[in-house]
Amino acid sequence: MFDFFSVIMKNAFHSPATREYPKVKREPYPGQKGHIAIRIEDCIFCGMCMRKCPTKAIVVKRPDKTWTINRFKCITCAACTDTCPKKCLSMEAQYTAPAHGKFIDSFTKPDAPAAAAKPVIPAAQAAAAARSEVTAAQENKGA
Amino acid sequence: MTNDRKTIMPFGPQHPVLPEPLQLKLVLEDERVVEAVPGIGYVHRGLERLGENRDYMQTVYVVERVCGICSIMHAQAYCQGIEELMGVELPERAKYLRVIWAELHRMHSHFLYLGLMADSFGFEAMFMQTWRIRERILDLLEETTGHRIMVSVNTVGGTRRDLTDEGLRHILAGLDDITADFAEIVKTFENNITIARRLHGVGVLDKDKAYRLGCIGPVARASGLPQDMRKLGYAAYKDLDFEPVVMTDGDCYARTMVRIKEIYQSMDLIRQAAAKLPEGEHLVKVTGNPDGDVISRVEQPRGEVYYFMRGDGGKNLKRLRLRTPTFAHLASLVEMLPGSNLADVPVIIVSIDPCISCTER
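In the order they appear, the protein sequences are chains A and B. Sequential numbering of the first sequence, starting at 0, is according to numbering that gives the first Met the number 0. Sequential numbering of the second sequence, starting at 0, is according to numbering that gives the first Met the number 0.
Nothing false has been slipped in among the hints.
Partial chain A-side listing against chain B, Cβ under 8 Å, derived:
1) Ala16
2) Tyr28
3) Gly30
4) Gln31
5) Lys32
6) Pro53
7) Ile74
8) Cys76
The set of hints was computed from the structure by calculation and includes no laboratory data. Each residue gets a CB set at the ideal place from its N, CA and C atoms; glycine is no exception.
Could you build the full structure based on these sequences and the hints that come with them?
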């Protein structure tokens, strides 16, 4: 009849079952899918990633040497990462945070040879990317 | 104005107990349901047509997103069909990996069902406890595949990722933890008098009716039909030892107990597959285009999913048609509801484990 007594004692003195987010954040697993990062210096603008993308989130313009990705269309399937011939795309663990408006990240290849430059770590790329808002026309274009 | 005593009450499309929108117009006489008229179409996204606009490798991602619960088995059915059409021979390791990930998905789907079932008769604490165990499974999936549910790990030709020894060890340790936590919940489902009152004798479907209405999966097995698509022997199931879990009562309690026993069966299958996991490649390169018709059937947590694919030699498929298990159960739902109380309607609906986004793709 009093078996609930042990449950009450356990619940009163046990630590919380959930993690105290945002004080304690969970470390992502290696190999977890979050967002796509690119080492733009190595990109040859072949357009394979654009062709393989199932949601058409990536747009590659060879004459302008730009690689753009619509972060909110991307489903982080890593098809682009698997198919890139130069292996300049990588899957990073940090997910795209919710935002007030959808945006497109674009990367442009610098003209000067990056001989002295150290490789750009992917975490800093979000700051380095040019971010532009998605217009309604762009949103509705293409299925 | 007639002296009929009939009221028509709309159940859904938005209802707290439904995971996805489904409308049922219930014709009630006082508290008893006399007739139920279903209305679907609230989550139709045209995914079959989208599958025709993407090439056959990209369609794996489209098909995976038909359902947010049994996602990996959609991809498995599609990949198996295309592989049969193109004559691709899978490496053995890929078959076993597909089994391990598919059974983990089956477990997480059944825990989701147990939580929703508990929620449908108001037992929210049980809902939270079963979903807490489900989080452990989703954590294992995230560690080994990168995503929690839309894992994108199946592709035509095998699996995109390999399972490391460490990952396999974590999966087996996770199964042991889950067995310990789950034992208490099973005890409650079996012995608690409130749950027994809500589930026993509710929504009875006898064996003959279940067969004529085309019931599949746990609903058929709870009514006495020993039907399990995994016995067809696709992927690595022909090397594993298991029997379909069958009960004979045909009520909501039987459907719940079948799923609980299937969770234990899945854990056993994962342990068997892990013991027999062969070394080797996990992916073969596929060249060429699909040409011809193929039918592929896979046992999802809710029943048998049926895929028809027609290729005409081009990169895009000419036609992709899928019939998901909940679509087959709508007829049996309409049969089960008349005669029941209004308060039992959510319990009966959740007992077929409805996945309306699968139904309407």
